[in-house]
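Student: Chain by chain, the residues run as shown.
2 protein chains.
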Amino acid sequence: MAAWVVIMAGGGGTRLWPLSRRAHPKQFLPLLAGGETLLAATARRSSGLAPIERTLVVTAASQVQQVLAALPQLPPANVVAEPEARNTAPCIGLAALHIRARDADGAMAVLPSDQFIADEEAFRAAARRALDVAEAGEVVTIGLHPRHPETGFGYIQCGDQMGDGVRRVVRFVEKPDRATAERYLASGDYLWNAGMFFFPAHRILVEISRSMPDLGRILDGIAADPSRAGELYPRAPKLSIDYGVMEKLGGAMAVVPADLGWSDVGSFAALPEVLGKDGDGNTTLGETMAIDARGNVLVGEGVLVAAVGVSDLVVVATRDAVVVLPRERAQDVKRVVEQLEAKRREPYL
Amino acid sequence: MAAWVVIMAGGGGTRLWPLSRRAHPKQFLPLLAGGETLLAATARRSSGLAPIERTLVVTAASQVQQVLAALPQLPPANVVAEPEARNTAPCIGLAALHIRARDADGAMAVLPSDQFIADEEAFRAAARRALDVAEAGEVVTIGLHPRHPETGFGYIQCGDQMGDGVRRVVRFVEKPDRATAERYLASGDYLWNAGMFFFPAHRILVEISRSMPDLGRILDGIAADPSRAGELYPRAPKLSIDYGVMEKLGGAMAVVPADLGWSDVGSFAALPEVLGKDGDGNTTLGETMAIDARGNVLVGEGVLVAAVGVSDLVVVATRDAVVVLPRERAQDVKRVVEQLEAKRREPYL
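Those sequence lines, one after another, are chains V and U.
Letter by letter, the first sequence follows residues 2 to 350 in my numbering.
Letter by letter, the second sequence follows residues 2 to 350 in my numbering.
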């Protein structure tokens, strides 16, 4: 049984606007040290799990060229183009069809392309362990020890030890309220769900058919006649693998708990974790100048960003748009995007 | 004796950076309602004082085309190009030579091109009155009733009534400290010096020769052989007419006190006076979006500026640079410019 890496690079997302746009989402942004993209970092990190010939990238048809530009080593045949974005359950099903067709016993490591992981050694060890268990037929995830009572993530309650570094999943739980999140943090038995999954390709197709029979039939139709993908795939239910399959599997899954220095880079407020801070507590990307300014996140994409006498702000500028907001409201760039959508200001979207 | 208008449009200035640049200073920016420039507004305001044929604009040689673009009615021969910027005393001397050569008895209204005046009727009345007195041979200025204890301007102490709406100047005083400015404001006898002057051309040339003999000799040389201007003018002392001549004239001058709704647009903090405020107290220019944001000055030149949840900030963006700072520190854009100069970042200057 060979291991395959599947990188999901089809995401859109507006939380890093104006850097991220519909046509240029987060995974393609040169956010990391040295200008590396999150997608390229994901591929580099996972290169020890499977060779590039057994790495697939699933993305929107319109973003195939961006994927190949970010990953020049990737064989073009390994880019799987989704006819339409339908969330992760159809995306993973499509990737599983590709793998099953080329390697009936293949096991898959499914990885989001838009996350940051500081401790790459710890990632490789946890993923290697998860793949081992998956190669024995299990559905496995990596769960992250929570670092604060986050209300924006789903959690995984874990139970008995299944083996060295692996525990049985008790259940997946949705985003909790603050009090519940604090209880989870205190208990030590709850982990963050980071959306990384490991399983044999044939097994996930069986689980999809069981939990999402509509999607199962669509995937069967595509397997029987791949030329019908463009017609069938857009009819797939728009559902995440978490809601569609994992929550139902629950206790039948395994989890590898880990500390990875992980961030979903869910807003500009996460950039200090990714890029660090200078002596004044500012995090900068691009050409910036900070004078009497502390604790800011300053990003200029082809634009000089100068901040004087301000604290704890996010300032992000591109050649056509600028957003300024307090760090603790960094999520609110989505309100700007919503207004631009309402006004149909397409050039900015 | 005919009246001439001389508009001084040679200024540089960095206080509105990044909108204003060395090659594109404040007077050429479309800061006013309807996209009018301060220069065009100055010419429009003064059009009742003298016809366009008797309006001169003195500017840097490199900015002649920008002047003609801003003032399409102006005869090109009425643009006086300074071989080099040498402050206002040489500039006014050069303009006086031009006028004296064309109209030996001409009187001049000398007006800065980069000021905002809300009450144009009041301006015309005050300037008309000042020109009347100048046409009788006097050196006259318009003094503005102070609206707050400003420490950034020079003041004019005024004395006896000379005639209807005209008072004798007691003395020019330099920028005061705060306590002195408060005393000036309370006394009622001190006016802001706005740098608008009125006099016969031949008279100011006499006064320059008396107070600034070096400049007088240079001007005499240029008058004798205008082709030597490029050689002689750059040797002129770099001095303002205020310091070089007016402070010495002092009590020999007249002043017309006025309320003009005047602003020197000395920083972005002045834009609310020029452009007004919306219901949230924001002042905006260009395409902007304010969400839960109050009391800000938001300027986008070809760039969308979005502010969320911030108050009393200045955010100014162009296609290559952005500055963010508190409104009460709006003057500190000069610190950004100083650092750019020190780093020789020419494209931004």
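Hints should not be assumed to be uniformly reliable.
Each pair may be met inside one copy or between any two copies, as identical chains are not told apart.
To be verified - Below, computed lysine-lysine pairings styled on BS3-like, alpha-carbon distance capped at 30 Å:
| # | residue 1 | residue 2 |
| --- | --- | --- |
| 1 | 249 | 176 |
| 2 | 278 | 335 |
| 3 | 278 | 239 |
| 4 | 239 | 344 |
| 5 | 344 | 249 |
| 6 | 278 | 344 |
| 7 | 278 | 249 |
| 8 | 239 | 176 |
| 9 | 249 | 239 |
What the hints contain is simulated information worked out from the structure, not anything from laboratory work.
Student: Now, for every hint given, state plainly whether the structure supports it.
Tutor: Outcome of the hint check:
no.: 1; hint: 249 to 176; result: within (16 Å within a copy, 76 Å between copies)
no.: 2; hint: 278 to 335; result: both (25 Å within a copy, 26 Å between copies)
no.: 3; hint: 278 to 239; result: neither (39 Å within a copy, 45 Å between copies)
no.: 4; hint: 239 to 344; result: within (26 Å within a copy, 52 Å between copies)
no.: 5; hint: 344 to 249; result: neither (40 Å within a copy, 60 Å between copies)
no.: 6; hint: 278 to 344; result: between (36 Å within a copy, 23 Å between copies)
no.: 7; hint: 278 to 249; result: neither (41 Å within a copy, 56 Å between copies)
no.: 8; hint: 239 to 176; result: within (19 Å within a copy, 68 Å between copies)
no.: 9; hint: 249 to 239; result: within (17 Å within a copy, 82 Å between copies)
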